[in-house]
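Numbers 1 to 405, taken from our numbering, label the letters of the sequence shown in order.
Some hints could be false.
[Unchecked claim] What follows is a list of derived Cβ distance ranges for each label pair:
no., residue 1, residue 2, range
1, R159, G187, 20 to 28 Å
2, D214, R297, 37 to 45 Å
3, E231, E210, 26 to 34 Å
4, Q207, R162, 16 to 24 Å
Bear in mind the hints are in silico, worked out from the structure with no lab data behind them.
Even glycine gets a Cβ: it sits at the ideal position worked out from N, Cα and C.
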Amino acid sequence: MTETGTGTGAGAAASAVGAAVVEAAAAAGEVAAAGIWRRRAGVAGAAIGVVAAGAAAGVALERLTVGRGVRRKARLALDASAPYGALRGTPGTASADDGTVLHYETEDPDGPAGASRAGRPTVVFSHGYCLSQDSWHFQRSALRGLVRGVYWDQRSHGRSGRGAGPVSIDRLGRDLKAVIDAAAPEGPLVLVGHSMGGMTVMALVDQYPELVRDRVAGVAFVGTSSGRLAELTYGLPTVPAQAVRRVLPGVLRALGTRAELVERGRRATADLFAGLVKRYSFGSRDVDPVVARFAERMIEATPIDVVADFYPAFAEHDKADALAVLAEAGVPVLALAGERDVVTPRSHTEAIAALLPGAELVLVPDGGHLVMLEHPEAVTARLRELLVRAGALAPDAAGAATGSG
1 MTETGTGTGA GAAASAVGAA VVEAAAAAGE VAAAGIWRRR AGVAGAAIGV VAAGAAAGVA
61 LERLTVGRGV RRKARLALDA SAPYGALRGT PGTASADDGT VLHYETEDPD GPAGASRAGR
121 PTVVFSHGYC LSQDSWHFQR SALRGLVRGV YWDQRSHGRS GRGAGPVSID RLGRDLKAVI
181 DAAAPEGPLV LVGHSMGGMT VMALVDQYPE LVRDRVAGVA FVGTSSGRLA ELTYGLPTVP
241 AQAVRRVLPG VLRALGTRAE LVERGRRATA DLFAGLVKRY SFGSRDVDPV VARFAERMIE
301 ATPIDVVADF YPAFAEHDKA DALAVLAEAG VPVLALAGER DVVTPRSHTE AIAALLPGAE
361 LVLVPDGGHL VMLEHPEAVT ARLRELLVRA GALAPDAAGA ATGSG
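Work out the full structure: start from the sequences and follow the hints.
This is how it looks when you write it as structure tokens:
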């Protein structure tokens with residue numbers, strides 16, 4: 001196990017609740033005063049008010065933990081352009097079992113496909129909730145030309161098609177199998193998943209254990225969970241967290257029925273949204289403002305009705321038993337999380353490692369939920385080591401795969 005640094009920031013958040021609530025009420029009042037949502041959305045308008053209040057509370061907490069200089073830089077960088085998310089590979093599509101079109105891109109190693117690369121695993125990257133394949137930007141950049149990579153967009157995210165019917169983590173696991181069948185039908189695999197993407201990998205393992213035994217050479221779980229997500233507090237004190245858990249599903253359902261209205265509201269309250277993204281995505285005080293904006297753009301590109309459709313699936317997610325398949329197969333596993341992740345806390349990654357005695361547990365100091373964007377060098381270095389153990393990356397090439405851009 002590798003573990004350095006201490007603290008979660010929860011104490012500061014708890015002590016700030018009173019001030020946060022005051023700011024939340026004030027901000028929600030300003031939104032309601034505009035009259036747009038209140039007059040036209042009915043129940044959804046009330047729900048948006050709740051979300052606005054929650055957003056303001058998050059911003060208030062963020063203001064107590066992030067310096068003014070960083071916030072000023074973030075505002076200046078709000079519309080800055082950067083190459084983040086601009087990496088593209090050879091496009092392809094897979095068809096899910098319900099007909100949803102899933103977009104993926106492949107990257108091949110540089111040079112001829114000679115004996116030195118024959119039989120090496122393909123590395124398949126699965127992204128998280130409200131993100132896209134671009135969330136792996138830094139790892140993709142560092143590994144480009146060194147491994148065969150597959151990057152895909154989950155259903156209703158990124159460039160993939162909108163799924164029909166209810167969403168479940170098991171369905172996402174079947175989607176991943178469809179992508180593997182289309183993009184890497186033969187040869188060994190290394191599966192890398194962040195957050196919902198890690199849950200997707202677990203669902204694949206659960207439903208296709210023979211694939212693990214026959215083809216999987218390594219797995220990386222980044223900021224994810226094997227279950228018990230209904231118990232999360234998201235960094236809030238217990239009582240407010242319980243209230244959020246009770247009302248949030250209904251709020252999201254209401255918002256999902258008024259998607260166009262909510263998207264206008266998102267734009268009108270961009271400052272609140274940016275603060276909330278930073279509060280729940282990153283753990284350090286000095287996040288590159290352009291990286292923060294890059295993350296914000298991915299998240300805000302996810303329609304509110306997609307957010308609402310996916311959210312209930314997390315409460316039902318329980319794949320602790322599926323991890324036994326990896327343990328029995330002796331697959332090398334990396335379990336990595338940011339120490340300050342409040343979305344899928346470090347305890348969930350520690351629980352995964354406890355169920356996989358041979359797993360490498362890595363906790364990144366000052367890392368939040370989007371640790372692969374926040375601390376790309378640390379994440380890529382550990383991933384590189386896993387790829388060497390799995391045979392996907394030659395030891396003499398591993399040193400090149402440490403970049404952050």
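Going through the earlier hints one by one, which of them does the structure break, listed in rising order? As far as the earlier hints go, not one is violated by this structure.
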